[in-house]
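Visitor: Chains A, B and C, in that order, give the protein sequences. Taking the working numbering, the leading residue of the first sequence gets 1125, the next gets one more, and so forth. Taking the working numbering, the leading residue of the second sequence gets 1125, the next gets one more, and so forth. Taking the working numbering, the leading residue of the third sequence gets 1125, the next gets one more, and so forth.
Where hints are given, some of them may not hold.
Treat identical chains as interchangeable: a pair holds within one or across any two.
Simulated pairs of lysine to any residue, SDA-like, Cα-Cα distance not exceeding 20 Å [said to hold, decoys possible]:
1) Lys1164 / Arg1406
2) Lys1347 / Asp1298
3) Lys1437 / Thr1321
4) Lys1418 / Thr1183
5) Lys1185 / Ser1294
6) Lys1437 / Gln1409
7) Lys1437 / Ala1216
8) Lys1164 / Trp1340
9) Lys1418 / His1142
10) Lys1418 / Arg1228
11) Lys1418 / Ala1358
12) Lys1328 / Ser1367
13) Lys1418 / Met1181
14) Lys1347 / Ala1412
15) Lys1437 / Ala1242
16) Lys1328 / Gly1200
17) Lys1347 / Ile1396
Since the hints were derived computationally from the structure, they do not count as laboratory data.
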Amino acid sequence: MNFVRNAWYVAALPEELHDGVLGRTILGDPIVLFRTPEGKASALFGLCPHRFAALAMGTIKDGNLQCPYHGLAFDGTGHCVLNPHGNGRRPAALDVRAYPIVERDDLIWIWPGDAALANPDDIPDFSCRTDPERRTVGGYGHVACDYRLLVDNLMDLGHAQYVHRANAASDAFDQLEREVIVRENEIEALMTIPGGTPSVLMAKFLRNTNQPVDLWNDIRWNKVSAMLNFIAVAPHGTPKEESINSRGTHILTPETETSCHYFFGSSRNFGIDDPAMDQVLRDWQRQALVNEDKGIVEGIEAHREVIRRYGLKSAMLACDEAAVRVSREIDRLTQLESA
Amino acid sequence: MNFVRNAWYVAALPEELHDGVLGRTILGDPIVLFRTPEGKASALFGLCPHRFAALAMGTIKDGNLQCPYHGLAFDGTGHCVLNPHGNGRRPAALDVRAYPIVERDDLIWIWPGDAALANPDDIPDFSCRTDPERRTVGGYGHVACDYRLLVDNLMDLGHAQYVHRANAASDAFDQLEREVIVRENEIEALMTIPGGTPSVLMAKFLRNTNQPVDLWNDIRWNKVSAMLNFIAVAPHGTPKEESINSRGTHILTPETETSCHYFFGSSRNFGIDDPAMDQVLRDWQRQALVNEDKGIVEGIEAHREVIRRYGLKSAMLACDEAAVRVSREIDRLTQLESA
Amino acid sequence: MNFVRNAWYVAALPEELHDGVLGRTILGDPIVLFRTPEGKASALFGLCPHRFAALAMGTIKDGNLQCPYHGLAFDGTGHCVLNPHGNGRRPAALDVRAYPIVERDDLIWIWPGDAALANPDDIPDFSCRTDPERRTVGGYGHVACDYRLLVDNLMDLGHAQYVHRANAASDAFDQLEREVIVRENEIEALMTIPGGTPSVLMAKFLRNTNQPVDLWNDIRWNKVSAMLNFIAVAPHGTPKEESINSRGTHILTPETETSCHYFFGSSRNFGIDDPAMDQVLRDWQRQALVNEDKGIVEGIEAHREVIRRYGLKSAMLACDEAAVRVSREIDRLTQLESA
């Protein structure tokens, strides 16, 4: 499988572990996640070394993860701590692989590659998610496409004009100004749409919807597929810093070569105590990400075979600069590991 | 994929385009069909040249087909007429392939092969469908098998005695007379069953069901998979020309190597203003084609792997002469193109 | 396909043939089963030699099996006895392969290999199923895994302690004594758990549940995948022969390389006229075999690709002796035929 393994990915949202044991395939590996009695999230290879039963079907027993099939139990480091059979010997072959895990910014990060290379300092910054000046709502979605199709999608947020037309199109779209900034390990695409009428979605955030607004819609990419969006709106001519805005989590984790996990969120700096605003954003996330974007990219994935058969190459547009730069960087990282 | 591409196939029924945009896979190609403002049916390759979004998910904008993803728009010839991004340039790489289309006999014909070879004169005659002396009812069905299994099915209508036993079996089946006529680009199988009791279906067409009848059940094949049936019944001894009869549309279009589209119809010369007779024929089509034949041929398709594994060869019967001739002709046409 | 073909397998339960014609894939072959007018079960290759229609969609006509497509009919030996077409000739190519069949112990056994090698004396003994001193209840299940995963499951019944924990776990599990007996063509694993509290299931069989009990749980394997279980319970210290017990049918028949048929039953020597006891056992079979075991082994099957990709080898435990011996014997038999 053709993945970048030496990188941090999000394995789960902390809330997904509340009920105990979570199974999830990541970069083609079956992974089982659970919390130790000390509350530390752990991630183990998800098949029991004995008969390959799915440990995700197991239960927590005395703080360890117990295999559902013959009762072997493993601690948070993957060490087999119980063999209920025969003389109870536990040779090293009964231990399972543990993956480096870091819980930060209300996200559980995993390193699927060589553990010796895992450095938590390399985890990109999503601290907006726990910023007390902001309110975050979000969730998890499953998308049946190569994660790279969703990276392409996110690195040109101009698609909102069409895919999310009903809620997010702007009558000033032809005034759009773009900028792409390339930093070390980071690529950012900035979009400004000055002087438009508020869109249906933006109108829900504004008190006064009768004046023209400036709209900013930026997205930052960090290796391999963690994106942070900055969407802001303000009366025309207001400085960007004085806008009301949301920092959006858009983090993808490959499941297989043709499917991925999508961890999304919106961390807004306005109406942070207003449950109605929570609902507006949850509705938008479900509509835009789960319905609209998912339909488009799964439609592309469904044609992978015909694209390959005819050797089709994308005809790039001016709006693709950031997506192309990111795509080349992912190519480079992938080839680096397969070399 | 192993198809005859240089041939006319039916892409759709005109009624399927009434609501706008129709996506359909034909000979493995994703195709999008729509009508231009002048009412002309158009067929384009169904993936946007930019990011391969499915154009079938698009909408009509100013008479052109607009991609749902980033708003590129295409006219009926596949020419890109709108690029909303950057300086709006539209290099030739943004145009999509258009397929030759002819609307005739209430059918939309497509030529999936080399457009330079497309000659509308080669479209087989289905003018019975719009003959004012006849009444046509019909529809569309999807069948999960190689279209050639349905060609085999249709080229020996003797299968009706067994597959459609409840409605169409004849007590005079052992009096069956067969003839096969081979013309240029055309093969016809004639069946006569003289002096039988009317079947359940035929009894619904006849005023007097107490006399023995002669039954004709002929089928004409034209390349590659367009079949016209002639089913007629009359009191025993009546000339064929004086029968009440129906000309039946049975046109197949390969979707993939293991599935096909089935456009069917019945154009009758009796009871043409009688809605009850419409219903009798719609019921028969649903029962015979959609239920009974589909079950048989999908059952064969489901065993393709075991047939291949054991190298099974069909043991041919006397009734297979026409089917074998057609099958050899399709083989020849297929090999001609793959050579 | 990698099966042991020269062996007896169960094709069906007699009750499955009551309604006429049964289609079932066995070792990758489509098979059709029916009874001749004399009541003898017959098994034929399931595709008509003419056009490969599924004979399982056929009907019985004059005691023969008639193809649903063009009416060829076959007797119980596979001989074509009717060709309704042309001059009605029936060359040998119209005959279909018949498989050796033996109906015994309320099971229909089939020999998918070389008919010349089929010896009914090799069928393992399941006479407990029709023993008048016992009452048998059972059924059929379909499991989406390689049958060998279920053989592994059954050859170590210690898995009940975990997989069937709610009903069958014993508080004396750590007193477990094991013995493995290897005979010619037969391997048996014996388990004794002395002096435990009755499990939830066992308590339903006992009048006095307040005293400690001894539990026996043995399983006998015969080639290739026919297993007979002996589960017995008695007050602590009672001889095994005086126990109340059930002989359990656990017979697997490969369907494909990744799915199998499971014929199960329980033949008990207690409460044989008590319908409530029938229900207890049916509930247990559905819960333990259909729900719990099926979930575990299908979960393993679902990870076949990742197991192969990483070249994972099972880490064997003390409890696996019988399973490993059986597995090696099936390996040997498989290689014998593929050589």
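Visitor: A separate judgement is required for each hint: does it hold in the structure or not?
Guide: Hints, verified against the model:
no., hint, verdict
1, Lys1164 / Arg1406, "neither (29 Å within a copy, 43 Å between copies)"
2, Lys1347 / Asp1298, "neither (31 Å within a copy, 51 Å between copies)"
3, Lys1437 / Thr1321, "neither (37 Å within a copy, 63 Å between copies)"
4, Lys1418 / Thr1183, "between (33 Å within a copy, 18 Å between copies)"
5, Lys1185 / Ser1294, "between (55 Å within a copy, 17 Å between copies)"
6, Lys1437 / Gln1409, "neither (31 Å within a copy, 44 Å between copies)"
7, Lys1437 / Ala1216, "between (49 Å within a copy, 13 Å between copies)"
8, Lys1164 / Trp1340, "neither (38 Å within a copy, 42 Å between copies)"
9, Lys1418 / His1142, "neither (27 Å within a copy, 27 Å between copies)"
10, Lys1418 / Arg1228, "neither (27 Å within a copy, 38 Å between copies)"
11, Lys1418 / Ala1358, "neither (29 Å within a copy, 58 Å between copies)"
12, Lys1328 / Ser1367, "within (15 Å within a copy, 71 Å between copies)"
13, Lys1418 / Met1181, "between (29 Å within a copy, 13 Å between copies)"
14, Lys1347 / Ala1412, "neither (24 Å within a copy, 47 Å between copies)"
15, Lys1437 / Ala1242, "neither (35 Å within a copy, 27 Å between copies)"
16, Lys1328 / Gly1200, "neither (46 Å within a copy, 39 Å between copies)"
17, Lys1347 / Ile1396, "neither (30 Å within a copy, 68 Å between copies)"
In the structure shown, a violation is registered for the earlier hints numbered 1, 2, 3, 6, 8, 9, 10, 11, 14, 15, 16, 17, in ascending order.
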